[in-house]
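Colleague: Protein chains in written order, with the numbering used here: chain C, 107 to 425; chain A, 26 to 312; chain B, 6 to 348.
Among the clues, some could well be false.
As the list claims (entries may be wrong) - Partial chain A-side listing against chain C, Cβ under 7 Å, derived:
(1) ASP206
(2) TYR213
(3) ASN226
Calculated from the structure, these hints are not laboratory results. Quick reminder that beta carbons are idealized off the backbone N, C-alpha and C, glycines included.
These are the residues of each chain, in order.
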Amino acid sequence: MLLDVVDLAKTFTLRQGWPVPTLVDVRALDGVSFSVDRSEALGVVGESGCGKSTAARAALRLIEPDRGRVMFDGRDVLTAKPAELRALRRRMQIVFQDPASARDPRQRVGSALMEPLAVHGVARGDVARKRVLAILDEVGLPKTAFDRFPHEFSGGQRQRIGIARALALEPDLIFADEPVSALDVSVQAQILRLLDELKQRRRLAFVFVSHDLGVVRHFCERTVVMYLGRIIESGPTGQIFDAPKHPYTKVLREASPVPDPAVAKAKVAIEGEPPSPVAPPPGCHFHPRCPLATDICRTQAPALRDIAPGRRVACHHAS
Amino acid sequence: MSAASLPAPRARNSFLSRATRSPALLIGIVLVGLCVAMALFAPWLSPYDPDEQDVLNRLAGASREHWLGADSFGRDVLSRIIWGAQISLFVGFVSTLAGVVIGVLIGVVSGYYGGWVDRVISGANDVLMSFPQIIMGIILVAVLGPSLFNLILAIAITAVPAFVRIARGSTLAMKERDFVDACRSLGYSDMRIMFGHILPNIMDEVVVMASLWLATAIRTETTLAFIGLGAPPPTATWGGIVREGFENLLDSPMLAVWPSLAILLVMIGLNMIGDGLRDATDPRAPT
Amino acid sequence: MSAVSKASDAAAALRVEGLTTSLKIDGVWRDAVRDVSFALAPGETLALVGESGCGKSLTAMTVMGLLPKGVGRLSAGRIVIDGVETSTLAERDFGKVRGDSIGMIFQEPMTSLNPVLPVGFQIAEPLMQHRGLSRRQAMERARELMELVRIPAAAERLKSYPHQFSGGMRQRVMIALAIACSPKVLIADEPTTALDVTVQAQVLDLLGVLQRERGLGVLLITHNLGVVATNAQRVMVMYGGDVVESADVGDFFAKPLHPYSRALLAAMPRVDRPTSDLAPIPGQVPTLAELPDGCRFQSRCPLREEACAVRPPLTPVEGGRRHVRCVVLARELAGDLPREGTA
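Next up, chain C with everything else stripped away, as it sits in the complex (with noise of 0.2 Å):
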């Protein structure tokens, strides 16, 4: 395996009140594993809090996780000293939603390319401003968008600068965080057959947070399911949204609109909202809203088990 994290953990501890503030602890990890190997794509799906952006930025330890390991090619990223993760960073980069967000708005795009090679002393001058040039070529830029600031590209081109610049360093893994929910369905389409060809010619690795099933379906071989910080489903993408096992999943698979007005009618009807995660529910966190809760579910909290080969699940009932 490429990527190897085993039970990440992290708590945010929020003030929260007026006039008289009190410390919450918010679980925005609890336990999370997964690994993702080369050229294949792991989907992060759930509903917003569940912990999926922080599991990734976890793993690329942008923000320090309480508990865990993270294994990189079999070095260990978090006990990674300040000058061997800089080095491990340079093969972990990661692509982000908002690509007006992601870019230092004073910088070229040519510059901005650039400054990562000679940061790590991979290339300086006219050597890097060719390599720069390739990877703009590559990622469908003309020549002429070096010498541009980010604001003057549209929304879609400016995540081919933000995909660009990760790919830079040439990377092993890139996270990519819900990177084409900002775009309109024609330019994501786009973006998204970009990312397979990387995928396929440069053997990149992926971990794919989306909120969007369809597009994890699209992109990613595997897909684990994500509920209140804890992953609650995992398995090949394919099956998980065909056939999903865990209560929750179905739920959210159900509510995923699909452009068909035949399909649309069959609903489930879900109760309620995600409970806050600042005081999850114990026991399974999705048993106040599941329609197969039973007492087990209120108390215990199921684990991550195997229910078929390369499938998991964590949950009481399912079979």
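Using the hints provided, position chains A and B relative to the given structure of chain C.
Modeller: Relative to chain C, chains A and B alone:
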């Protein structure tokens, strides 16, 4: 796949075009520019040596020889105001610059690192800010002793907290944006991120603040000079001239009015520049 | 122009004819919405779909009379809301219609609600203004409305502030606010785009119930074709300010006609089946200034030919059941083209 069509290059002149369309900013620049020119060309502009005493003309009113009259030592007021501009503006600019550099450095570091570093710095900063700025200046000059260098030092120190606060706030806002995480994931050092990426993005606000602070610094200098804590006499500074004029207020009221007018014009000019810059850099302002 | 509607004119809750909206860009007025016509029957949901900049939200703003002065204007066309022609009304008189016979909900309910006022009061406010209810009556009605939109513990939550609600609950508050005066028409501009899918399903479900039970005509503006399929009866696809296709939802998804409609569906990854071969639309949505004359889509269209330089009419096809704005298609489908004037 064709993504090859880029929009036509858009000149990054929106700031300039906005700025030149703001009459307040232009007036401010003209006013301050005149004062700066006056200070720079003082040796050629001033009709007399500012320290040359002419006892025969003590407290003389405006005349063909002394356009703005003469003071109690018979020194030419116009010449003193022209030379005084040098000291007053010099003190203002240098102390503001020093305050900006120190304050922004501290503020960016504080905002970027957060945690206990930030708590200590913002705590200390809040204490400093709770002192009225003029009182701070008086205390510092009183402790350090009145000299030109100490004057600059004192005013610079009073300026620091304001810039710590604005730089820290802007840095916190920038840190929320993904590009800082992007920089970290590219393996950039903290120094490079703070001063290569965050700093250029918060400079707009710092510059606006600096132009407003420049006015405050000049006012502080004149106030300190007025209460006798400025550059030692006979050096001509605006505050000093007002003070000398004030002593003869009943005999020759215009002595205090002329330098005050000069101060007023610079204050108005700098505030107009500050407001104009703020409008010009505010992305929400209509273009 | 033939009215793109099944609703007879008299019964229509909202009727729009030849609506053209212009925006002032760099000092030049440009048509950002061109000649849009439709009628919305009570109890019907009409979806307006398209990508950003296609003019769908601008159409809604125009109907609501919310165009910013000096930036946007209604250059041509008629808007009739519940029998009242609003396009000629003065702003003051329009104010009486807005919030009374027509309501609107937006994508981000947090910014549309006043953060410092309790939600109960905010729902009661239009009732006091438009219906002349006393404060007590209005608050009582506000509670009923909050129950109607299924906000749990409505009576207690009347005094809560917007930030104390979740995104989905806030959108319910917005709906309660919009339907407070029992309008005939509700414009929903990307009402669920900011919400999670399970919450989206709940909110859309609620809209469906209200629409059926209260005979509300809903103009649903969205970029999500999945949402259209689930929640609308009719659909109008917009591109570059033009309506390029309009049809019943069943017909549309069974066989989208316009090249843009087809491309849009082919570009959408689906959760219900593998989409190994996504077909992106080449290029990007042109800005208003870059839009080609004639057919707006020609710069990205696979069927492009010389005739596209002239703006094609919205042509009735399949016996007038649906309309499409494309010369190539109109010619191909000419077999079932009814004679002019019989549509």
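Colleague: Taking the hints in turn, state whether each one holds.
Modeller: Structure-based check of each hint:
{"no.": "1", "hint": "ASP206", "verdict": "5 Å, holds"}
{"no.": "2", "hint": "TYR213", "verdict": "6 Å, holds"}
{"no.": "3", "hint": "ASN226", "verdict": "6 Å, holds"}
Every hint, counting from the list given before, is met by this structure.
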